[in-house]
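Protein chains: 2
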Amino acid sequence: MIELAILGILKESDLHGYELKKHLRKVLGPLSNISFGSLYPALARLEREGAVTIVESGHDAAPPMPMTGSLTGEAAAFRSRRRPTRGPRNRKVYGITPAGEARLVELMADPADDERSFGMKLAFFRWCDRPTRLRLLERRRASLLDRLEETRKAVAARDQDDPYVRALMEHDTESTMNDIAWIGRLIARETGDEGLDKETTGGHR
Amino acid sequence: MIELAILGILKESDLHGYELKKHLRKVLGPLSNISFGSLYPALARLEREGAVTIVESGHDAAPPMPMTGSLTGEAAAFRSRRRPTRGPRNRKVYGITPAGEARLVELMADPADDERSFGMKLAFFRWCDRPTRLRLLERRRASLLDRLEETRKAVAARDQDDPYVRALMEHDTESTMNDIAWIGRLIARETGDEGLDKETTGGHR
DNA sequence: GGCCCAATATATCGGGGTGATATATCGAAC
DNA sequence: GTTCGATATATCACCCCGATATATTGGGCC
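Here the protein sequences line up with chains C and D, keeping their order.
If you read the first sequence in my numbering, its first letter stands for residue 1126, the second for the next number, and so on.
If you read the second sequence in my numbering, its first letter stands for residue 1126, the second for the next number, and so on.
Think of the hints as simulated: they come from the structure by calculation, not from any bench.
Misleading hints may appear alongside valid ones.
Put simply, identical chains are the same to the list, so a pair is met inside one copy or across any two.
Said to hold, decoys possible - Think about it this way: if two alpha-carbon atoms lie no more than 25 Å apart in a straight line, the pair counts; the simulated PhoX-like pairs of lysine-lysine are:
(1) K1278 with K1217
(2) K1278 with K1151
(3) K1146 with K1278
(4) K1151 with K1217
(5) K1136 with K1151
(6) K1278 with K1147
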């Protein structure tokens, strides 16, 4: 779900690919370290679909200066002719379109539940309403409970128990329980705020 | 590192693809749910490389019954002629070769460190010596410490703090610390046993 | 007995992700 | 003035996943 990440970031501000990757790294941190090999094709795909547009293209285009004289256009055209789409500082700044915003909403509702997908969706929770947030949280909790169950069954059914495999499974159980408790807290915060506008819901550590 | 998983499982016993997937699921649990779309190509690759061999092929070969009469061989040959390599119960039982065991050792030493790779290696720790185990554990700990550092910097540097992104990062920090503590315990267990052959190292909970 | 269905079993395909690599410029250090 | 690292985009081979195709065995069911 790299498209979700791109649209979520672009909804905040227009960026070009390189910046986008940096922002992504800052927001999602070690979760989902997107590579250029997937970023650029994804941007091309989204542009083809009309979810994003090139807001600003060409060489050394600065936001606070829309015009710099008649020479600029000519020079840009010349360079464009010389090197069609390649070259440095030939950056393409992308912006999200209304269609892209719709696609973002659609992608947020996607049932995918794995660590990465969930982390991404959570990072962009501010873009969706409380019912959707709760639905995603509940679904994640259900998945984690399934996982817990499965691992526990595997631990119980294990006759030949290798100590390392056992350690792995016990740690997995522990981690999953932590995750479930965390999701529980997020759900509580979400439902607890209902009807309250002031932050009197508790200091929370 | 699907090849590591395959060789690690095959080192225990000869299996065909379908069984292999089931065993893999049992040993690695929710970590690394290998799909057939990667399993069969990987088996073909390993066979080409000479890391595994087909031990037993054909139709309805059962371990406790080596012979069922002269008809069996003829019927099998006939069916073989009719459908070259496809069909049901036309299962191919794979076994690991000496070259495969060497490859397994090599793959265990691989520096890859992510959740999946590390989990797999840990699951097959019984196949390597203590120095290697310690090296892998130390490396994993170093990676987790890096991750912790990075996430903490991101949290500190964050001016515009979205509550969800913050929750994500705080939970990531917490989980990573748990993982580090766990690795620490594994290392302690590994070094604590050093010089002791009897299991007097402590009841361990 | 005959029929359907689930499980067994192998294989391929499209789509997409990753890491490596190529290309090209800018700014700064030396 | 040139080397070097960061900026910037793009492509490539390789691999993984989910879906799908195909085929048989065995068990339930009437």
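Hint-by-hint comparison with the structure:
1. K1278 with K1217: For K1278 and K1217, neither the intra-copy (52 Å) nor the inter-copy (29 Å) Cα distance is at most 25 Å.
2. K1278 with K1151: between (38 Å within a copy, 10 Å between copies)
3. K1146 with K1278: between (40 Å within a copy, 17 Å between copies)
4. K1151 with K1217: Within one copy, since 21 Å is at most 25 Å while 48 Å is not.
5. K1136 with K1151: within (16 Å within a copy, 42 Å between copies)
6. K1278 with K1147: The answer is between: 14 Å across copies meets 25 Å, while 42 Å in one copy does not.
Violation of the numbered hints given earlier is confined to hint 1; every other hint is satisfied by the structure.
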